[in-house]
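A.B. asks: As they're listed, the protein sequences go chains A and B.
Under the numbering used here, the first sequence has 19 at position 19, and the numbering climbs by one with no breaks.
Under the numbering used here, the second sequence has 119 at position 119, and the numbering climbs by one with no breaks.
Any given hint might turn out to be false.
If you want a taste of the chain A side facing chain B, the calculated C-beta under 8 angstroms gives, among others [as the list claims (entries may be wrong)]:
1) P125
2) P138
3) L175
4) Y186
No farther apart than 35 angstroms at their CA atoms in a straight line, the calculated lysine-lysine pairs in the DSBU-like style are these [said to hold, decoys possible]:
5) K207(B) with K97(B)
6) K303(B) with K329(B)
7) K329(B) with K97(B)
8) K303(B) with K191(A)
9) K97(B) with K35(B)
10) K207(B) with K222(B)
11) K68(A) with K207(B)
12) K68(A) with K222(B)
13) K59(B) with K35(B)
14) K59(B) with K222(B)
15) K68(A) with K182(B)
16) K222(B) with K191(A)
17) K182(B) with K191(A)
18) K35(B) with K68(A)
Hint data in this document are derived by calculation from the structure and do not stem from the laboratory.
Backbone N, C-alpha and C define an ideal beta-carbon position, used for all residues, glycine too.
Residue strings, one per chain:
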Amino acid sequence: MNPDSPQAHEESAAASAGQPGGNGASGPSVLVGPPALDQHTPLLALLEQGLASEQGGSSVEAPALAGKAVDFASRGYHVEMTVAPERVVLAAQLMDSSGFALDTITGVDWLAEGQMELLYDYFHPESPTRVLVRCRVPRAAPEAPTISAVFPGANWHERETHEFLGIRFQGHPNLTPFLLPEDADYHPLRKDYAA
Amino acid sequence: MSPSEVIAAPEGQRETFVLNLGPQHPATHGVLRLKLTMDGEFIVRAEPVCGYIHRMHEKMAENRSYAQFLPNTSRIDYLSAMTYTHAFVGAVERAAKLEVPPRAEFIRVITSELNRISSHLVWLGAYLLDLGGFTPLLYAFDDREKILDLLEGVTGARLTYCYYRFGGVCNDVDEAFTRGTKEFVAYMRPRLDMYRALVTDNIILRKRLVGIAPISAETCRKYGATGPVIRGSGVAYDVRRREPYSAYPLFDFEVPNFPEGDCMARYLVRMEEMAQSLRIIEQAVDRLPEGPVMATAVPRVLKLPAGDVAYAVEAARGRFMVHIVSDNKEIPYRVKLRTPSLSNLSLFEEASQGLVLPDAVALLGSLDLVIPDIDR
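Looking at chain B on its own, in the form it has when it is part of the complex (with noise of 0.2 angstroms):
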């Protein structure tokens, strides 16, 4: 019986039965749980059950200032914790006119680009132990290693950092900092043909990838899927160049996206896209201004005028975006948290129907789902 003949099969012929996955499964990378109602090996049905680990993070938002919830956007995808603090101090810098000085924009830009790479690492990683290969995590760790490695030497954290701040980052980077980064971008460029040889190009991982859980275009667009998995569609939307912000109108880099839109394209996607951020990276470091870090004038209590203001940044896992209503005091009246984990799973139940269980594996871990990102 083909998927198909499954889907197409009269709800009296079929025999199904319902399968827990989750919450507490390796394959779900967090809390997720997903029931599925089977039909033998195929999938007639995939409900996810989300919120687990629901924090209330928006409801925290209306109890303390600006500053307070700062902290708080770094826990919400722990995996590119960089670019959510720069959607939300780009949001109140948006409201309060703050002008960030360029040295401060460059330092952000490379900062969330290394972000990137190091969360695209943990990916790589966990997504090949999902499908059955343990050797490249210890790789891809290995070197997610050396980026934590800097990032803590200037931001003094290794995975939640709070190191933008309104009108700058906390701290200017050292010579250290950008050696370092600079000798990562020479190390990392042979890794990525290393693992192109090791991986990308292994029979093993193509079987399992070409051609498995197509998405359209049309599906992404009306799930609003945004990041890897549009890209993986065809669809070249980057926030980073549909609404630039910070500096990077000012680097060259490309959008690489594959029109195939099956698990391999999202896959090859996200490789394509760690050589690009490297070329960020690199293009920032040599031309990093001097200057100041901070803006001067930023008021001590911060109260944004009334109305709404929103920031979008193009995170790990596609379009974050901040929606503050302010009423013009010194605690936000709503922040809403868009967050493209929860929009990519949306459509899991549509592009998954049809499919073998261990292919909704390889199509869930293609998601790249950080789950206390959509619990928030």
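In isolation and in its complexed conformation, chain A is listed as follows (with noise of 0.2 angstroms):
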């Protein structure tokens, strides 16, 4: 699935970075050298295919689910996907069998909007792609399945996301406080918790 090797990789960042100024800009721009988008798109078909291809399987009128190419030099990740809810244990799967490694889990509280965000962060041993998979959760009730049986290390950052914005991980072991004492009841990331 990795076409991509990461020694290409490296001899192209290795080529470009050996023509300083070789596109006229100044600096930066040759300094920096992002990975370059081209590399991902045969990654980002098989995420689109991964899941439309589950959504043909079922009777579910789910949304269109696909993963949608951003620009990494002004964001910091290639593939971007938002999912419901129910399909963040399938992005998982997904992503550990493409070879992915859970960089983190987090959640923003929208308060205006009455929602919260569940951000999950991707990031590739072997090949230079980084994708974030979003899920939007009802405030008044913010729940989503866990993914602690995809990825185990996703237990510890479950934990801290419930206890900083009280979003429940159905199925998750052991959904205790990991960073607040063990007898907080309040959720301090939580946007009408004042500091």
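Assemble the dimeric complex from its two separately framed chains, guided by the hints.
C.D. replies: This is the structure in structure tokens:
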């Protein structure tokens, strides 16, 4: 599944680095040389295909799920996917089978919109690819299934997201406070929690 | 009874007791507590208890401007403050599309790599102290002192540097710094050879580390472990190569990795990395371009465009990522700090099963934890 070998990437990075000023731009654009997006289109297609095939087989009228290419140079990730809460585990399984590693899980409280957003960051240990999976849940009942069965590393990230924002992860083996005191009954990263 | 038999023994046949390690214990390198369920000398289950020095940096970020939050980032992993501030200024520069002058990028690379060496030297001394060797600590801290002096000269700080700014660095380096850095590179290479002769090839050390607590590359991936931990399992994952940033693509260096996955492999990765950092520093100092060290048009009041921006760096302990969610105000809407120590420690429960206690201490030290980095 990984057509762009790490060696190939390193060579291309070295090649672009070897010709400073080659594109006529000054300084930084030459220095940084971010991974080109066209390298990742096979992965993007795979993401779209994987989720589409899953949708095709089911009778659930789910909203369209597909990876969207994002400009790495200005955003810091290559692919962005918005999924419904019931598809979070599916997205994690797809990431897992494609060899991705879980970077982190976090949440955002969109108080004005009455929603909470879950952000799942993934990186790939063998290829320069970053994926962000987003999931919105209602603020009144913020719940999503746990992905700790797919990525055991998610266990601590979900505990942290739960205590900071009050988002419950269904099926989590141990949803107790991780960094806050064991009797903490508040969620400090909620926007209505005054600092 | 072998370790595998201990784990395989049915619940009823085990006679276990709970052993508390920490939160104040020298082997946990900070305020970390381990709740160990033991069967005699063997660990059945190890549960890390975190949060003793939790400071809620992420909430602080939502109450102050980007510039006001910058000093916080150097207090997360206090041993690699340079790389942590680099990630935060990098994220802001990426979103605000600030152009950093080449000289500033070179200076960032030099100071970040010096910081990486000083961090690895603290690890070396503290790790060998864990294993019962006192002398190397004094040698390592002696060498680290030279780096701290160099960085103090240019940044004014010895530990919690706040030297990088949005668009560059706050002070240009002087001739004393470049000369001192060159002298340090020349001084440090024979010291690394000495460490090899004194420590790495020492039979007592090898008996404590070779074959102890192997971690597979798959386990590292499942837990998101990065840095010397995943490279000690044979995966050449290095953010400097995978998501090239700053001036790193311009320099020639290798990503040391060892396939064994044991404590010795993680030890060797860090020792080898110091030599590679010296290589990078040498190239960067030799080719340091002239010019300004700050971008010209940095707005006094920074507002990032609405949306998400992420920026990852290779810190001394692995992948550190800052994820900012902006709603186009002067104050960040949400800042997520993804720290390597948290992910690296999360595999401890699995990796420590069936180890005897002294080997678990060897494993814990080989993860090179900084506890404020976990607790934030």
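A.B. asks: Does each hint fit the structure? Answer for all of them.
C.D. replies: Right, here's what the structure says about each hint:
no.	hint	result
1	P125	4 angstroms, holds
2	P138	18 angstroms, violated
3	L175	15 angstroms, violated
4	Y186	11 angstroms, violated
5	K207(B) with K97(B)	52 angstroms, violated
6	K303(B) with K329(B)	5 angstroms, holds
7	K329(B) with K97(B)	16 angstroms, holds
8	K303(B) with K191(A)	20 angstroms, holds
9	K97(B) with K35(B)	47 angstroms, violated
10	K207(B) with K222(B)	29 angstroms, holds
11	K68(A) with K207(B)	51 angstroms, violated
12	K68(A) with K222(B)	25 angstroms, holds
13	K59(B) with K35(B)	29 angstroms, holds
14	K59(B) with K222(B)	28 angstroms, holds
15	K68(A) with K182(B)	47 angstroms, violated
16	K222(B) with K191(A)	32 angstroms, holds
17	K182(B) with K191(A)	50 angstroms, violated
18	K35(B) with K68(A)	44 angstroms, violated
Comparing the model with each numbered hint stated earlier shows that hints 2, 3, 4, 5, 9, 11, 15, 17 and 18 do not hold.
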